[in-house]
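Student: When you get a sec, could you build the whole thing from the sequences and use the hints?
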Amino acid sequence: MNRTFSGPAIYLDRSDINTDEIIPARYLTEVTKDALKPYLLEDLTLDGFDPQGEALQQAAVIVTRKNFGCGSSREHAPWALEVNGIYTVIAEGYARIFRQNMFNCGMLAIELPAADIEQLFTLQQQGTVTIEVDLAKQILTAKGAGQEQVFEFPLSRFDNALVEAGGWVEFADARY
Amino acid sequence: MGQTIAEKIFAAHLRDEPFDGTYVLDLDRVLCHEITTPIAISDLQWREKDRVFDRTKIKAVIDHVTPAKDTKTAIQGKMLRDWAGRHDIPDFFDVGQNGVCHVLFPEKGFIRPGFTVIMGDSHTCTHGAFGAFAAGVGTTDLEVGILKGVCAFRKPASILVNISGQLQDQVVSKDVILHIVQKLGVNGATDRVIEFRGPVVDAMSMDARMTLTNMAIEAGGTSGICMPDQVTVDYLWQFISEEYASKEAALADFSKWHSDADAEYDRILDIDVTDLEPQVTYDYKPDCVKSARELKDAKVDQVYIGTCTNGRLEDLQQAAAILKGRTLAPGVRGILSPASPKIFREAMDQGIIATFMDAGFCVTNPTCGACLGMSNGVLAPGESCAATSNRNFQGRMGQGGMVYLMSPATAAASGIKGVVTDPRDL
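Chains Y and A are the protein sequences, given in the same order.
Residue 1 is where the first sequence starts when you use our numbering, and the numbers rise one by one after that.
Residue 177 is where the second sequence starts when you use our numbering, and the numbers rise one by one after that.
Among the hints, erroneous ones may be present.
Unchecked claim - Chain A is faced by these chain Y residues, among others (derived, beta-carbon under 8 Å):
#1 I97
#2 Q100
#3 T128
These aren't lab readings, by the way, just hints derived from the structure by calculation.
Ideal placement from N, C-alpha and C gives every residue a C-beta, glycine not left out.
Tutor: Put into C-alpha cells, the structure is as follows:
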C-alpha cells in the first residue's frame, strides 16, 4: 500500500492523551471515516496547541509521550488521524488497543525509548521538525534546526506484516 | 512451570502463531454494539464479504444511544438491526429488550469460564469476571472477528492482585477497584491481564466482581479476570443445568481453568482493604483517587447511577439503602439508568425504583447514554457529576464537565448533600 509515513511533525507534550481527546464521543455517531476530519484532537487542551491550527493541518506525524491513546477502544481515533493525513505516531508507549488499531489500519505506532523521545523534544525546541520514515530499514530521521538525528525503531514481525499487508483485514483474509 | 488462567485459555484457543509471540485465537464470542460495528459492516460490504463466521457466537445490542436520539443514531441502529436480520443472528437486542452490553450479555448466560470474548468496546474486560479472557478491540479486530472468528494478541503476561482483609461498612468493590487503579496507574497494566484473587474477591457476588473487572482497562489492562468458583456456578446454573449432571460437576470442570500455584506473574500486588474508605476520583484521570472525605467540599450538580460499572441490581440496592427516606439536595439532578430490562423490573418489584423516584430521581431506560456524554444526562460546561461510571476524562460526560467516579452509595450520599459525601457521614 502506498502511504507516506513521513512529513512535518506536531508535538503533543503530555502523557496519557486518551481517545476521547483524540476524537470525542459526540462524533461517534458518524458512520464514515471522512466525517471525522474536522474534529481531530478537538478536546485536547494543551499549552500552545490549537486543534484548528495550521500546525495540525500540516502535520503528517505526531510525536508524544507515554500511554498515547488510552481509554476507549474507538478506532475512530486512528481514523481521525488517517483522514487528516497522519499515518505515523511516535511515542514512548501506547495503550494496547490504540496501538493494535493503528497497525490493524496499516498505520505506524512507533515506540521509542524515553531517551530518544527526549531527544526528539529537544530538537523541536529549536524549530519545526520533519520526520522521514524508512520502513524497510526501520529507521527514522528527524530533521530540524539544520540537524539530522537518526533513530532505530525495530518493529515486531507481526506489526511489520500488518503495515506491509495494508492492515489486519487483508492479512487475516489471506490467511484464515 | 505452571500456567495462569489466561495462558490456559490461550493454549486452548490457539489457531495460529504466525510469528513468535503473536497468538491468533479462536473466538467463542464476538459481541457487537451500534457505535463500533456499523463501520465494520460497511467495510465488509465494500469488500463484498458481508458474512459472519458463526451466527450463534455473535451477539448484538443497540445500547449506546437508545432509543435513537437523532437521524445519525437512528442510522447506526438501523445498520446493526438490518445486519443482524440479514444474517439471522438469533441474539440481537433492540428497544424493549436492550440494555448495557456488559450487563446484558452476562445476564443472558452468554459468557462462560474459559471463553475468549472480544467486542469493539474497551470495557469488554468486564466479562473476565466469569473466568473468561475478554478483551476490548477496535473495529478492524471486530470486523475480522465477525468474518473469521479469530483475533490476534501478544503473549498474555499477567499481574496478580491479591485482595485480602475485611471491607468496612459502605465500602464496596467500586472502592476497591478505584484503589487498585490508583496503585497501578493508568498504564500500569498495559498489555497485561489483571488477575483479581484473594478472600475478598471470593466473597464477592458476580455483580461485585464485574465492577472489579470492568475497570481493568482504566489501568491499561487487556482483560480483568477472576477464578470461576461456586459463585460463578450458582450464577450460571440456570443456563448450564442441562450441560452438567450437577453443580459439583460444573465446578470441577470450571476449575480446570484456575491458574496453577506455580504460574508466573509479571507483578504481584497484595492489597489489604481493611482500612479502605469510600473512594472518589478527582481531576481527569481514573488513577487520581482520594477518599470521599478528602473531597467532601466538591460541588455536585448531577448524580448518575447506572452504566456497565455500577448499573446492576446490587448497585441499585446499595444506592437505594442510602436514599430511602431522603431527597436530593435542592438543585441537584438525579438520573438512574438501570442497566438492563431485567434489573429495571427487579428494581421495580423490590420498590427500589420508587425509592429513587421519591428521592427526586429521573429513571431512564437502560442505555450507556450519559456515561460518554452521548444522551440522557450530558453536562453543561462547568458542571460536575457524581457518577458510578468508569471514566473521568476531560469532557467525558459533556464538554467542560467534571466527573467524579465513585460507588453507588457514595453517589447517592453526594446527591443528598449536594457535595461529595462519604455515605457514612450522612
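Student: Quick check: which numbered hints come out false for this structure?
Tutor: 3
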